[in-house]
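K.L.:
Please build the complex by placing chain B on the supplied structure of chain A, with the hints as guidance.
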Amino acid sequence: MIAEITRIRHKYLRHDKKFPHVWCPGCGIGIVLGSLIRAIDGLGLAKNDLVLASGIGCSGRLPAYVDFNTLHTTHGRALTFSTGIKLANPSLNVLTVMGDGDATAIGGNHFIHAARRNLNLTAIIINNQIYGMTGGQYSPTTPYGSNSTTSPYGHIEHAFSIADLAVTSGASYVARGTVYHVPALDKLISRGIEKEGFSVIEIMTNCHTQYGRRNEMSDPVTMMKWFKDHAVTTTRAKKMSPEELKGKFSIGVLTDIDKPSYTEEYQKIRDRAKGREVKS
Amino acid sequence: MTPEEETVRNSSSTEVQDEYWEKKLEMEKKGKKLFKQQIFLDWCKGCGICVAFCPRKVYEMDEMGSPVIVRPDDCIGCRFCELHCPDFAITIIKRYPDRRRRKSDGS
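Quick mapping for you: the protein sequence lines, in order, are chains A and B. Each residue of the first sequence is one higher than the last, beginning at 1 in my numbering. Each residue of the second sequence is one higher than the last, beginning at 1001 in my numbering.
Bound conformation, chain A alone (with noise of 0.2 angstroms):
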């Protein structure tokens, strides 16, 4: 009898490309894409009603482990195909995968004006804190003073946060997750594909072999630990004061508001110029 976790697991990879996959031992984004697996699973959807696209890095070869409609796009550009797929067809429950270079660097524009139309997608951000498969180099979530190819002397650049970032670009939904929390990280996926509008959802993940390597958490384990001991959940963050919360980070749903998606904006506007609906 194969458990439950394991069969719906694999339902879903593709048996026929080459496994184990790609990714370092212990990279969090195999904990990712088992998270993923797991609440669409958690929410029946079908498997020809799903489009997982993604764009260039490490988290870009994560559509190619698993049978949906996936689409590996240009770098930073996967916000825009995913744009495209959704106004073509709209009925389409669009994912889009990315890392943090492709998210907030190279499709930072794409990004915050993805946020700002509320178009309804779902933004998957694996944030591990570097650019990881170019070599080493420093992100725009590096964290101030750590070490990395680009900057060995420290960095002297400060980080910003990315859920912040959708949270005042207009985002719908956004939360955190960490790849330690996985229990919580199956929710906040699930809510996030269920919510109408833009929602993103920022996953920290470990990336010992580039980040922990130069900052002394040269395995998973350590960097999964220092996960465990800096989140802080919201509802814990609330009562703690600004001193106790340096360096951390709070996880859980940041925000979760009601607004008019720009997809259902767009059918009035057509049901309206093929005379559908009355002018008002």
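Read the hints as simulated data drawn from the structure, not as lab findings. One thing to keep in mind: the hints can contain errors.
EDC-like mimics (lysine to aspartate or glutamate), calculated; alpha carbons at most 20 angstroms apart, straight line [what the hints assert, rightly or not]: (1) A/K238 to A/D186; (2) B/K1030 to B/D1073; (3) B/K1024 to B/D1074; (4) B/K1029 to B/D1073; (5) A/K18 to B/D1042; (6) B/K1057 to A/D219; (7) B/K1033 to A/D164; (8) B/K1045 to A/D219; (9) A/K225 to B/D1042; (10) A/K11 to B/D1042; (11) B/K1094 to A/E4; (12) B/K1036 to A/E4; (13) A/K17 to B/D1042; (14) B/K1094 to B/E1022.
Footprint (simulated), chain A over chain B, 3 or more residues, beta carbon under 8 angstroms [as the list claims (entries may be wrong)]: (15) 1020-1034; (16) 1082-1092.
Beta carbons are placed, not taken as given, at the ideal position from N, Cα and C, and that holds for glycine.
P.N.:
Quick look at chain B alone, frame taken from chain A:
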């Protein structure tokens, strides 16, 4: 071969039915649930997450760097390893599931 096929093949074991029920009832009396761990070593990369985070230290690393099940009876079935394995290599199942029928039931 996929892990799914592998586990299907392994599960058709040659356990004697009566022995199975004897053990199952004995465990039920004790109020203890036993779990079976399966590691699909073809997909395992030996990252060490299962070894480090298991609350009952069920796994240990061997000299080659791959996990070995050393204390299978201590497993409490929390499924931390199954959820956190990045390579989908671990499966936790109940050791005495209820699906089997007793021989003496006749059906």
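K.L.:
Could you run down the list of hints and mark each one as holding or not?
P.N.:
To see whether the hints hold, each was checked on the structure:
1. Annotation: proposed proximity of A/K238 to A/D186 is violated, straight-line Cα distance about 23 angstroms (limit 20 angstroms).
2. A threshold of 20 angstroms between alpha carbons decides the hint, and for B/K1030 with B/D1073 the separation of about 13 angstroms falls inside it, so the pair holds.
3. About 16 angstroms separates the Cα atoms of B/K1024 and B/D1074, which keeps this hinted pair within 20 angstroms; it holds.
4. For the suggested pair B/K1029 and B/D1073, the alpha carbons sit about 16 angstroms apart, so the restraint of at most 20 angstroms is met.
5. A C-alpha spacing of about 12 angstroms is found between A/K18 and B/D1042, which places the hinted pair at or below 20 angstroms, so the restraint holds.
6. Of the supplied pair hints, the one linking B/K1057 and A/D219 holds, its CA atoms being roughly 19 angstroms apart against a limit of 20 angstroms.
7. With a CA separation close to 45 angstroms, the supplied pair B/K1033 and A/D164 exceeds the 20 angstroms bound.
8. At roughly 13 angstroms between alpha-carbon atoms, B/K1045 and A/D219 fall within 20 angstroms of each other, so this suggested pair holds.
9. Pair hint A/K225 plus B/D1042 does not hold up; C-alpha atoms about 27 angstroms apart against a cutoff of 20 angstroms.
10. As the CA atoms of A/K11 and B/D1042 are separated by approximately 19 angstroms, the hinted pair is consistent with the 20 angstroms bound.
11. About 11 angstroms separates the Cα atoms of B/K1094 and A/E4, which keeps this hinted pair within 20 angstroms; it holds.
12. Pair hint B/K1036 plus A/E4 holds up; C-alpha atoms about 14 angstroms apart against a cutoff of 20 angstroms.
13. Distance hint between A/K17 and B/D1042 is fulfilled; the C-alpha atoms sit about 14 angstroms from each other, no more than 20 angstroms.
14. Only pairs whose Cα atoms come within 20 angstroms are accepted, and B/K1094 paired with B/E1022 is accepted, the gap being roughly 16 angstroms.
15. Counting residues of the region 1020-1034 of chain B whose beta carbon lies closer than 8 angstroms to any beta carbon of chain A gives 0, which falls short of the minimum of three for the stated coverage.
16. Counting residues of the region 1082-1092 of chain B whose beta carbon lies closer than 8 angstroms to any beta carbon of chain A gives 10, which reaches the threshold of three, so the coverage claim holds.
In the structure shown, a violation is registered for the earlier hints numbered 1, 7, 9 and 15, in ascending order.
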